[in-house]
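*Asks:* Sequence:
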Amino acid sequence: MDRDYKGGTLHVVGILENGFLFMADLVRALHTPVVCHFVKAEMHDLPSGNASLREIVFTPKVDVADKDILLVDAILQSGVTLDHLRQMMLTENARSVRTAFLLEKREERKVDLPTDYVGFKTKSKFLVGFGLGYQEKFRNLPVVATLA
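Yeah, the sequence shown ends on 1245 if you go by this note's numbering, and it's all consecutive.
Keep in mind the hints are simulated off the structure, nothing from the lab.
A hint or two may mislead.
With a Cα cut of at most 20 angstroms, we get these calculated EDC-like pairs of lysine to aspartate or glutamate [claimed, not checked]:
(1) K1202 to D1180
(2) K1164 to D1213
(3) K1158 to D1180
(4) K1158 to E1114
(5) K1207 to D1142
(6) K1164 to D1101
(7) K1220 to E1205
Here are the simulated distance ranges between beta carbons [said to hold, decoys possible]:
(8) K1103 to T1243: 18 to 24 angstroms
(9) V1177 to E1233: 20 to 26 angstroms
(10) V1215 to K1103: 17 to 23 angstroms
(11) E1152 to E1233: 20 to 26 angstroms
(12) K1220 to A1162: 21 to 27 angstroms
We put the beta carbon where it would ideally sit given N, CA and C, even for glycine.
Work out the full structure: start from the sequences and follow the hints.
*Replies:* The following block contains the structure:
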């Protein structure tokens, strides 16, 4: 990553709740100057007759114009939410938008989201630890584990 962003400042955007621990370790390992941001996705079902529509809103708003952006989350599953955020940032004139995930569940993918940096690929059904939680528990585990 340092090679990819040499000579510039990287704006790292962590996706809450899952991405905060991975992001913390990631930015500490970088030599590139970074500015840290966090966003949270909120989903709202919209009435639309026979079809079901869901609106995805990210708060707080991050100014991305003319900036190199790295979206960071602990796990990539369907990709729908991250693709929406990535597309939104590109339309807001980000210089570049790349993605970094600790884990990827490729078989659950619903959209063709570019994955620039991926730690591990997994087929495990439900993972906890290192920021990943189950009923808001287990996020603080220092390892990634499978719930049995």
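*Asks:* Would you list, in rising numerical order, the hints stated earlier that this structure does not obey?
*Replies:* Result: hints 8 and 12 break, sorted rising.
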